[in-house]
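*Asks:* The residues making up each chain are set out below.
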Amino acid sequence: MLAPASEPFVVFSNIDKTFDGRTYVASNLSFEVEKGEFLSLLGPSGSGKTTTLMLLAGFEAPSSGTILLGKRRLNDVPPHRRDIGMVFQNYALFPHMTVAENIAFPLSVRGMARAEQKQLVERSLDMIELPQVGDRRPSQLSGGQQQRVALARALVFEPRLVLMDEPLGALDKNLRETMQYEIKRLHHRLGVTVIYVTHDQSEALTMSDRVAVFHSGRIEQIASPKQLYEDPANAFVANFVGENNGLTGEVTAIEGDYAVLSVAPGIAVRGRAGAGVAPGHAAVLALRPENISFDKKALAAANHLSGSIDEIIYCGDRWRLHLTVAGHNGFIVKIPNRTATAPPEAGEPVEISWTFDDCKIVADGRG
Amino acid sequence: MERISLGRAKNRVDDLQAGYRATRRREAWRAFLLVVPLLVFLAATFIYPIGKLLLLSVRSDEVADAIPRTAAALADWVGPPTLPSPQTFDLLAADLRRASDQGAVAVAGRRLNNYEAGFRTLLLKTARQLPATSDRPYSEVLPEIDKRWGEPETWRLLKRAASRDTPDFLLRAIDREMTSDGSVVPVQRSQSVYLDAFARTFSISACVTLISLVLGYPVAYLLATLPARQSNLLMIFVIVPFWTSLLVRTTAWYVLLQPNGVVNSLLIKLGLTGAPVALMFNRTGVLIGMTHVLLPFMILSNYAVMRGVSPLYQRAAVSLGAHPVVAFVRVYVPQTLPGIGAGTFLVFVLALGYYITPALLGGASDEMISQLIALQMDQQLNWGLAGALSVYLVLFTLAAYFAFNRFVGIDRLRLG
Ligand SMILES: Nc1ncnc2c1ncn2[C@@H]1O[C@H](COP(=O)(O)OP(=O)(O)OP(=O)(O)O)[C@@H](O)[C@H]1O
Ligand SMILES: [Mg+2]
Chain A
1 MLAPASEPFV
11 VFSNIDKTFD
21 GRTYVASNLS
31 FEVEKGEFLS
41 LLGPSGSGKT
51 TTLMLLAGFE
61 APSSGTILLG
71 KRRLNDVPPH
81 RRDIGMVFQN
91 YALFPHMTVA
101 ENIAFPLSVR
111 GMARAEQKQL
121 VERSLDMIEL
131 PQVGDRRPSQ
141 LSGGQQQRVA
151 LARALVFEPR
161 LVLMDEPLGA
171 LDKNLRETMQ
181 YEIKRLHHRL
191 GVTVIYVTHD
201 QSEALTMSDR
211 VAVFHSGRIE
221 QIASPKQLYE
231 DPANAFVANF
241 VGENNGLTGE
251 VTAIEGDYAV
261 LSVAPGIAVR
271 GRAGAGVAPG
281 HAAVLALRPE
291 NISFDKKALA
301 AANHLSGSID
311 EIIYCGDRWR
321 LHLTVAGHNG
331 FIVKIPNRTA
341 TAPPEAGEPV
351 EISWTFDDCK
361 IVADGRG
Chain B
368 MERISLGRAK
378 NRVDDLQAGY
388 RATRRREAWR
398 AFLLVVPLLV
408 FLAATFIYPI
418 GKLLLLSVRS
428 DEVADAIPRT
438 AAALADWVGP
448 PTLPSPQTFD
458 LLAADLRRAS
468 DQGAVAVAGR
478 RLNNYEAGFR
488 TLLLKTARQL
498 PATSDRPYSE
508 VLPEIDKRWG
518 EPETWRLLKR
528 AASRDTPDFL
538 LRAIDREMTS
548 DGSVVPVQRS
558 QSVYLDAFAR
568 TFSISACVTL
578 ISLVLGYPVA
588 YLLATLPARQ
598 SNLLMIFVIV
608 PFWTSLLVRT
618 TAWYVLLQPN
628 GVVNSLLIKL
638 GLTGAPVALM
648 FNRTGVLIGM
658 THVLLPFMIL
668 SNYAVMRGVS
678 PLYQRAAVSL
688 GAHPVVAFVR
698 VYVPQTLPGI
708 GAGTFLVFVL
718 ALGYYITPAL
728 LGGASDEMIS
738 QLIALQMDQQ
748 LNWGLAGALS
758 VYLVLFTLAA
768 YFAFNRFVGI
778 DRLRLG
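As they're listed, the protein sequences go chains A and B. Heads up: the first sequence begins at 1 in my numbering, then just goes up one per residue. Heads up: the second sequence begins at 368 in my numbering, then just goes up one per residue.
No lab work stands behind these hints, which were simulated from the structure alone. The model shown is predicted, which means the values in this text are computed figures rather than measured ones. Careful: at least some of the hints might be erroneous.
[Said to hold, decoys possible] Here chain B is said to cover these stretches of chain A; the calculated rule only asks that three of the stretch's residues, wherever they fall, bring their Cβ under 8 Å from a Cβ of chain B:
#	segment
1	103 to 112
2	300 to 306
[Unchecked claim] From the derived model, a few chain B residues whose C-beta atoms are all more than 12 Å from chain A:
#	residue
3	ALA442
4	VAL551
5	GLN558
6	SER570
Backbone N, C-alpha and C fix where the C-beta goes; we use that ideal spot for every residue, glycine too.
Construct the complete structure from the given sequences, taking the supplied hints into account.
*Replies:* Rendered as structure tokens:
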């Protein structure tokens with residue numbers, strides 16, 4: 001589901017945020033979120049993801065710029081009036097209340113009648129498939145159950161927007177996958193707008209309609225997962241999202257939609273030219289390991305390089321090879337594992353190739 | 368087959384339980400050995416003396432020890448309106464003679480004075496004037512020395528005082544006494560002081576606790592939420608009073624609260640009052656002084672709990688639509704209940720036994736029960752009554768403990 005071209009629901013325009021007056025934690029943030037969209041904020045630690053959520057929730061005020069939610073300027077609305085549901089990384093379930101009381105809390109502070117509260121709480125508990133835990137304390141639930149309760153509590157008052165700050169960070173891998181699915185299911189079912197913070201890129205790619213990649217308080221790229229992965233805007237995105245064979249070099253020529261990058265004396269590769277790539281400037285190759293082939297028969301319109309295999313790692317569904325190519329080691333190739341086919345041997349010299357369209361030459365990022 | 372495997376399973380469960388119990392026993396022993404030194408220390412310095420004092424409230428050996436044969440004879444006497452048998456008079460004379468050789472008369476006299484003023488003088492005078500021998504019966508001689516020996520009431524008191532187990536002090540400590548026919552009645556209005564003193568002790572302690580809570584809770588909150596550097600600095604201000612002697616602090620208030628002291632001058636300068644306000648030798652002085660001394664306990668108990676309450680919960684509550692004040696009351700305060708409970712309990716119990724501060728800063732109508740206990744012990748020398756008052760104070764404290772345990776739960780108490 002790509003963002004429909006309707007009115008934006010959440011609008012950040014030119015938001016700056018600084019805590020100490022010197023360094024920007026968010027700098028000139030501008031982005032829009034459509035109604036019903038699932039947007040992930042992805043980025044390394046300290047890149048300003050939580051801060052962005054806090055600005056939206058109202059626990060931090062922007063140093064400049066405006067935030068709109070459903071056309072309403074949020075800057076002066078106190079946090080408890082914003083009607084934004086929030087799920088915290090460590091759940092923040094109130095330990096002195098039962099699960100049912102926790103879920104009823106947002107309803108009771110809104111002055112809803114008790115009978116109605118009870119009904120809604122029961123429905124929420126059904127929704128998270130934990131109908132029998134209402135009387136328990138949060139501490140008597142498992143991590144995954146607590147997470148579901150936190151989710152139910154953030155959704156029960158039908159907020160227009162739900163913010164989640166690394167909600168699955170504390171769970172183990174299997175549970176995390178189950179919960180990812182659960183969250184997606186709820187998102188589809190309720191049609192609520194979600195902004196989801198994570199630093200797990202596969203989580204971001206699998207769950208989101210769009211992903212915003214944060215880096216030092218800026219958005220490097222905001223795009224659909226497919227676009228982000230296959231068409232990264234710059235070297236940071238290419239290297240941060242998924243694995244990348246980021247050979248660096250200097251652009252020697254631009255030929256139509258393609259750029260030529262010299263990665264070692266006498267060795268040049270050709271790929272789609274990214275924005276801001278110009279002859280004479282440094283640039284980076286964006287090439288996914290699974291796009292590389294050992295096929296001996298020459299591909300049309302392809303780059304051909306030779307290298308040697310340093311290491312082979314068995315990963316079950318695929319082989320992962322570490323190569324030295326054009327004088328750079330750490331070049332990664334993934335090939336699917338077919339039981340009957342023997343993989344290449346370590347130490348073998350190999351010829352690798354990939355088409356011009358399977359790679360991109362991107363600018364070296366900022367600074 | 369089935370049965371055999373069932374039996375085996377049962378054996379395994381039994382083995383498991385036996386092993387578990389053995390481990391538990393070993394742990395219990397280890398724990399016990401670790402606390403033995405403390406237990407010995409406590410037994411010698413605390414439990415034994417306190418037990419002794421409490422026992423004094425129902426024991427009265429001085430008179431029975433001084434005049435043992437008279438005491439035995441009086442036990443069979445039916446009481447007023449008749450006088451005891453002439454033999455009892457003889458026995459008393461003999462006992463007194465022997466006792467005055469051993470100096471026991473004064474001790475017994477002091478005890479008797481607890482029953483009626485002047486009894487000590489009577490006993491000493493009688494022992495002094497007792498002829499070495501007499502050919503007349505002592506039932507005539509003694510009333511000649513003092514006519515009170517001819518009154519049954521004197522003998523009744525002697526009989527009460529000579530009995531080794533006595534409810535008198537326990538009754539006296541709640542302004543009751545036992546009449547000659549064995550019924551319990553309130554003492555005369557003019558002598559009834561202890562129930563009032565208990566009520567006063569309770570209300571002063573409750574006031575001090577409440578004031579400490581109102582003053583201390585916000586400070587503890589501030590301490591728990593400020594950045595570490597400022598919080599540590601503030602903490603010093605809270606703890607410094609702990610390093611200063613109680614007497615010094617109380618004396619300092621003594622100076623500050625005087626009619627022409629610092630506080631009054633300030634009030635007058637600020638135009639809040641025209642003439643000096645009485646801040647001392649009244650309830651105000653007691654409350655100010657005691658609150659000042661006990662406030663750190665309240666602050667520290669709350670702080671210890673608050674430090675463990677994440678501010679995230681309040682954020683979560685606000686994000687769910689609660690006004691910050693509502694979030695504080697419904698989400699933060701309940702999580703600090705163990706701290707409130709601990710602080711309240713600690714301050715209240717400490718206040719119950721307070722002594723120096725009310726003695727120095729209070730007036731005649733602010734006497735707390737500890738002051739009365741001290742008065743009985745070192746001025747009236749009535750250890751029985753002191754013990755009886757202590758019994759009630761201990762019971763009072765235990766009641767506070769159980770109430771606290773019931774409402775807050777002692778297991779939720781954290782002090783560090
Ligand atoms: N209250 C604050 N006062 C001062 N600096 C802060 C405050 N909150 C965050 N920062 C700084 O702002 C920057 C961004 O923090 P933020 O919490 O938004 O990062 P994040 O992207 O959520 O990281 P993570 O993935 O580790 O949660 C960090 O450098 C952090 O030190
Ligand atoms: Mg964060």
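*Asks:* Please go over all the hints and tell whether each is borne out by the structure.
*Replies:* For each hint, the structure was consulted:
Here the segment 103 to 112 of chain A counts 4 residues with a CB under 8 Å from a CB of chain B, which clears the bar of 3, and the coverage holds. Coverage of the segment 300 to 306 of chain A by chain B is violated in this model, with 0 residues showing a Cβ closer than 8 Å to a Cβ of that chain against a need of three. Distance check for B:ALA442 against chain A: the nearest CB is about 62 Å away, which clears 12 Å, and the non-interface claim stands. Chain A leaves B:VAL551 outside its interface by the beta-carbon criterion, the shortest separation being 48 Å against a cut-off of 12 Å.
Once the 12 Å rule is applied to beta carbons, B:GLN558 is consistent with being away from chain A; the minimum gap is 51 Å. Consistency note on B:SER570: stated as away from chain A, and its beta-carbon is indeed over 12 Å from all of that chain's, at 31 Å minimum.
In terms of the numbered hints stated before, the structure departs from hint 2 and from no other.
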